[in-house]
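2 protein chains.
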Amino acid sequence: MSKPTRGNLFVVGGAEDKERGKLILRRFLDAAGAEAARILVVATASARPEKLLADYESAFRELGASDIHLCYQEQRADAQDPAVIALLRQATGVYFTGGDQLKLVTTLGGTGFASALHDCYRSGLHIGGTSAGASAMSTVMIARGRGRSAPRLASVRLSPGLGILRRVIVDQHFQERDRIGRLMAAVLRNPYMLGFGIDEDTAFIVSPDGRVEVLGRGTLTIVDGAELIGSSIADMKENEPIAFAGMKVHVLGTGWEFQIGSRAITVPHHHHTPASASDLITTSTIPEGDTE
Amino acid sequence: MSKPTRGNLFVVGGAEDKERGKLILRRFLDAAGAEAARILVVATASARPEKLLADYESAFRELGASDIHLCYQEQRADAQDPAVIALLRQATGVYFTGGDQLKLVTTLGGTGFASALHDCYRSGLHIGGTSAGASAMSTVMIARGRGRSAPRLASVRLSPGLGILRRVIVDQHFQERDRIGRLMAAVLRNPYMLGFGIDEDTAFIVSPDGRVEVLGRGTLTIVDGAELIGSSIADMKENEPIAFAGMKVHVLGTGWEFQIGSRAITVPHHHHTPASASDLITTSTIPEGDTE
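Sequence order for the protein chains is C and F.
In short: position in the first sequence from 1, add 9, done, that's our numbering.
In short: position in the second sequence from 1, add 9, done, that's our numbering.
These are computed hints drawn from the structure, not numbers from a lab.
Keep in mind it's a predicted model, so treat the numbers as computed, not measured.
Warning: the hint list may mix true and false statements.
[To be verified] If we take Cβ atoms under 10 Å as the criterion, some of the chain F residues that face chain C in the derived model are:
| hint | residue |
| --- | --- |
| 1 | A243 |
| 2 | K246 |
| 3 | K257 |
[What the hints assert, rightly or not] Straight-line Cα separation of at most 25 Å, BS3-like style, residue types lysine-lysine; simulated pairs:
| hint | chain 1 | residue 1 | chain 2 | residue 2 |
| --- | --- | --- | --- | --- |
| 4 | F | K112 | C | K246 |
| 5 | C | K60 | C | K31 |
| 6 | F | K246 | C | K31 |
| 7 | F | K112 | F | K60 |
| 8 | C | K12 | C | K60 |
Where is the CB? At the ideal position from N, CA and C, for every residue including glycine.
Let's have the full structure, built from the sequences with the hints guiding it.
Quick look at the structure:
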């Protein structure tokens with residue numbers, strides 16, 4: 010018997026289309042078995058789960074799924090309920106809605122449900138998470154943060170996440186809420202971690218081999234601190250600007266790929282050459298002097 | 010007779026302190042000869058120059074200068090006035106106020122005043138420019154742009170600047186107005202150009218040898234596209250997100266240095282080691298697997 014393969018992980022930036030083409034949900038459902046899929050939607054992050062659950066149920070139903078279960082754990086005891094854990098173990102795809110990632114993680118973390126989630130993912134369960142459900146996927150999670158902030162210690166509060174996605178800190182609603190500063194602040198705390206900022210109605214899909222693909226209307230911003238040559242973070246107060254050198258930033262769209270292990274990027278063929286000349290200026294017309 | 014040396018260039022992010030310690034203006038005045046300096050303040054960028062000119066006059070006077078001239082060119086003909094050009098030729102330091110960089114450049118560009126400015130800078134005149142006066146220093150200038158925008162073609166409108174600072178596109182009020190997206194968009198148009206985003210009450214000082222030093226309360230963000238391995242910019246519509254890979258970002262504070270020619274960074278000694286561990290996680294406790 011061959012070793013079971015992990016499932017795919019769909020990390021969605023929030024506000025994914027649930028009414029028209031449903032590109033992301035369709036792709037998730039296809040991975041989970043299309044019409045034969047057994048879907049479990051988890052709205053535990055939300056304070057008002059009823060409408061959310063109904064919306065996802067009708068979206069997946071419109072896409073052809075018929076075996077759809079909905080759940081909401083109000084308290085930690087609910088996440089020990091064998092009936093719900095059985096639903097998870099039977100599912101081929103589980104999808105975590107938006108809400109508050111701290112609510113999601115504090116309710117599920119360390120329960121039988123979370124433990125089964127890891128087991129099932131290892132054996133092939135496909136997992137999706139959007140908005141708060143996206144943030145919660147990582148080992149180190151952005152629990153709170155300030156949008157539109159330059160990198161400062163106070164830009165983010167980190168917390169342990171559900172640990173499905175390691176080596177990556179996820180941020181969502183990314184370009185829409187201008188979160189590059191806070192994602193940089195998170196990566197500066199430990200440049201071993203990659204920062205992945207995913208836009209609304211956009212997903213990154215992590216394959217079992219660590220390959221990352223981008224799907225949807227927006228982009229995936231990757232902040233990579235592996236080549237940092239210096240950082241003032243350890244000496245800074247909460248609200249002082251952090252100085253650093255050598256942070257790499259990639260903004261990937263449809264057709265681009267990234268390997269989490271090697272940090273290698275695959276550029277779509279037609280985008281391979283960087284723009285070499287603008288309408289204003291070419292390298293050949295500028296002398297080598299720095300200034301003047 | 011030795012070859013004359015260029016002056017220093019002070020590029021200021023706007024809102025520099027003019028009332029208390031006046032760190033930046035003091036340093037500018039010191040470069041220009043301290044109490045022996047002959048200062049010319051140019052408020053041509055501004056729509057209401059009187060108050061601005063008065064504020065700079067009293068600031069420089071409080072710092073010990075006595076030879077201070079103020080000018081404002083309302084139209085291009087004023088920038089051909091030999092009397093004002095003579096003032097510029099006698100000055101040891103000229104300082105350009107804020108306002109609208111397009112107004113500044115369209116009034117001065119191609120005039121006798123602009124031509125003399127280049128001559129004098131080559132022979133040792135120290136030049137300062139703040140806010141609009143900072144933007145106008147570069148060869149390729151950000152004329153208009155959207156703050157808080159992810160990189161898109163529509164994020165910036167470029168225009169020719171006064172051409173004192175080559176190979177660098179300047180943006181100001183930088184962290185305060187979250188302008189990293191538009192600066193990236195400018196650099197993506199031609200990765201030969203460096204993007205320098207300077208914060209309020211902060212200056213970068215360019216020495217004749219291309220060495221860049223940071224002075225003041227905030228930071229200098231440098232966007233370097235030299236190692237870009239791909240970009241979708243040439244295929245994008247005005248408002249589509251640009252995808253790219255390999256952009257480098259540095260955020261430098263007091264004590265950090267940058268060389269425009271070699272793009273080398275000098276890290277202050279105590280910040281040389283990147284932060285290697287956060288309070289949550291260390292590299293040794295995370296297995297090498299990508300996800301799960």
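Against the structure, the hints:
no., hint, result
1, A243, "6 Å, holds"
2, K246, "13 Å, violated"
3, K257, "6 Å, holds"
4, F/K112 x C/K246, "40 Å, violated"
5, C/K60 x C/K31, "18 Å, holds"
6, F/K246 x C/K31, "23 Å, holds"
7, F/K112 x F/K60, "18 Å, holds"
8, C/K12 x C/K60, "39 Å, violated"
This entry does not satisfy hints 2, 4 and 8, going by the numbered hints stated previously.
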